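With chain A fixed as given, assemble chain B onto it according to the hints.
Each chain is listed here by its residues.
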Amino acid sequence: MEPAAREQERLRWRSRRGLLEMDLILQRFLDRHLATLSVQDTQAYDVLLDLPDNDFLDLVMGRAEPADDRLGPVLEKIRQS
Amino acid sequence: MTLSRQIFDTVIVGGGGSGLRAALQLAEAGHNVAVFSKVFPTRSHTVAAQGGIGASLGNMQEDHWLWHMYDTIKGSDYLGDQDAIEYMCRKAAEVVYELEHFGMPFDRNPDGTIYQRPFGGHSQNFGERPVQRACAAADRTGHAMLHTLYQRNVRARCQFFVEWMALDLIRDYEGAVVGIVALEMETGDVMVFQSKATILATGGAGRIYQSSTNAFINTGDGLGMAARAGIPLEDMEFWQFHPTGVAGAGVLITEGVRGEGGILLNANGERFMERYAPNMKDLASRDVVSRAMDQEIKEGRGAGPEHDHVLLKLDHLGAEVINKRLPGIREIALKFAHVDPVREPIPVVPTCHYQMGGIPTNYYGQVVVPRGANPSEPVPGLYAIGECACVSVHGANRLGTNSLLDLLVFGKSAGDHVSEWLKTHPRHRDLPRNAAERSLERLARLDNSTSGERVTEVAADMRRTVQQHAGVFRTGTLLTEGVEKIREVGQRARSTAIGDKSRVFNTARIEALELENLAIVAEATLVSAQAREESRGAHAREDFKERDDKNWLKHSLWYLDGSRLDYKPVNLQPLTVESFEPKIRVY
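Chains as they are written, first to last, in this note's numbering: chain A, 1 to 81; chain B, 1 to 587.
Since the hints were made in silico from the structure, they are not lab data.
Please note: incorrect hints may appear among the correct ones.
Taking lysine to aspartate or glutamate pairs in the EDC-like style, the calculated list, with each CA pair at most 20 Å apart, reads [said to hold, decoys possible]: (1) A:LYS77 - A:ASP50; (2) B:LYS335 - A:GLU7; (3) A:LYS77 - B:GLU534; (4) B:LYS335 - A:ASP23; (5) B:LYS583 - B:ASP566; (6) B:LYS501 - A:ASP23; (7) B:LYS335 - A:ASP55; (8) B:LYS335 - A:GLU76; (9) B:LYS335 - A:GLU65; (10) B:LYS335 - A:ASP68; (11) B:LYS550 - B:GLU534.
Note that the structure is predicted; figures quoted are calculated from it, not measured.
Here chain A stands alone, though its shape is the one from the complex (with noise of 0.2 Å):
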């Protein structure tokens, strides 16, 4: 597989949590949108799987909002999943 193949599996592994909920949240968001995903979703993406599990949990549940603007157009794919 091509290099953009590899990052994308990349991104697959990474989205592997402790939380089952946001296992089921990102394997739906990732379904859909990986594939298509453009070079700054990509790296906010990246941005988000850094965070711990729970803060993550509560930006995509909407019980908190990101403090970097750029993280929000990725967000609202995976909060839409």
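Coordinates of chain B only, in the frame set by chain A:
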């Protein structure tokens, strides 16, 4: 083929609560330790633990470790080993205070002591009245614990191998464990890690069930490694279930929903709990509700196109009550069941939560196997701790808050025992020739596969089989059919094919390897459950409804080789106090 090799005093497989606690004990004692984890350690499944850590600190009411010990033994339905249970309950305060000194942000009382919350099954004075024993950090106890332990490990210069998957144990010709073979996901490289001691800390394998609260990473890798190396798996028929997980997802709907008036309905719209528990109805205990739900499904009264779940109705409570008294339930239902509980019922199913069985160990964390007349002979160089191990402190049923306690106590005791072991075993034993042969064969099979079934299909069949045949409602017929089916699934798991042959982050390959481990655990579960002709704790047989201490007060041991069962006695002898004789369990 010669693989590159690295050498450590100790190798720990798994970076969750128990692995980190053991690593810390060793790293702070000055040993060089390597921790292997499939994911970043603070994203281990320990993060999901909310409840707390059970310890008889007595900060709220008078408390004593002996009362905690009694509650744990009774909870275990007398299958727990009383030496290990005494050890754990006596050490509880110490490991909690240590965690406090490491910087764990516990909830506090106004006087500065650690606040303790109430939890089911914990009592004062041998069952007289409830006691508050759970030490927590809000609803993020597991999360806080992982972060505290990880930080401390970094400080102690523990070495982490993140996004590595351990494949197999290496045993020498005398049976001693001398290291592991592991795969780096980023490069696809396979390497040998030679060690004087190896600790398995890989967590549970709850993903064998179709409905499970466990994260996707919980695939029983340590159990698969142990079983392939000839080590038996203990008490694998005992799995703890929660009655109301969202069907098809596994996310829990709190018991509070039924407390507020939510009711369970079958496909005919019947409130079936009235038949099973005329007085308590939907508020009967967890196991009663779970079994009734599963029986309704098994007898064809399940809802939905597959008749595979029941319905949790709460629309009659009204939007106001739901929003006010059950915050979060509506968003969970919308997100994971795609229904709005204000208008429609939530599809729910009994959901696997915790694995009581595992790799047999003593309270030092040493893996023990029958040898000659000794039912518990240590395997030199091998340890197991946490949910992947069976000490056994949980026996047939785990008490809430005892899982986090188990991680801390036995993570520490294993670390201490390894430290001592290293003093008397200063040299690495030689690696056997072909140390990595088994792992390389497994990888070669996948790399060379040209035709075969997809991993996702076989995995789905495995999960369906385990859910249907080894759920909460168990009969001899169901289990016997299940054993046949799961053996077939096991064959298929060993002959899957993957399309992606690349080395870098090949998730298909990882998932195929995980499935091999899961299939081993699934077979151990069904075979052990089919053989145990009694009801004890979480193992409830419709055809053998009573606990049978005369014939079954013993631990199951399942061997992969020949799918053979053996048994060993329960240790009813505590370390210093009198034995708690088996009694009928009434709450």
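Status of the hints after comparison with the structure:
1. A:LYS77 - A:ASP50: holds, 18 Å
2. B:LYS335 - A:GLU7: Violated - the C-alpha atoms of GLU7 (chain A) and LYS335 (chain B) are around 28 Å apart, more than 20 Å.
3. A:LYS77 - B:GLU534: Given pair LYS77 (chain A), GLU534 (chain B) is violated - Cα atoms ~51 Å apart, limit 20 Å.
4. B:LYS335 - A:ASP23: holds, 13 Å
5. B:LYS583 - B:ASP566: Violated: LYS583 (chain B) and ASP566 (chain B) sit about 25 Å apart, past 20 Å.
6. B:LYS501 - A:ASP23: violated, 25 Å
7. B:LYS335 - A:ASP55: holds, 17 Å
8. B:LYS335 - A:GLU76: holds, 14 Å
9. B:LYS335 - A:GLU65: Holds. LYS335 (chain B) to GLU65 (chain A) sits at ~18 Å (cutoff 20 Å).
10. B:LYS335 - A:ASP68: violated, 25 Å
11. B:LYS550 - B:GLU534: Between LYS550 (chain B) and GLU534 (chain B) the Cα gap is close to 11 Å, so the pair holds against 20 Å.
Comparing the model with each numbered hint stated earlier shows that hints 2, 3, 5, 6 and 10 do not hold.
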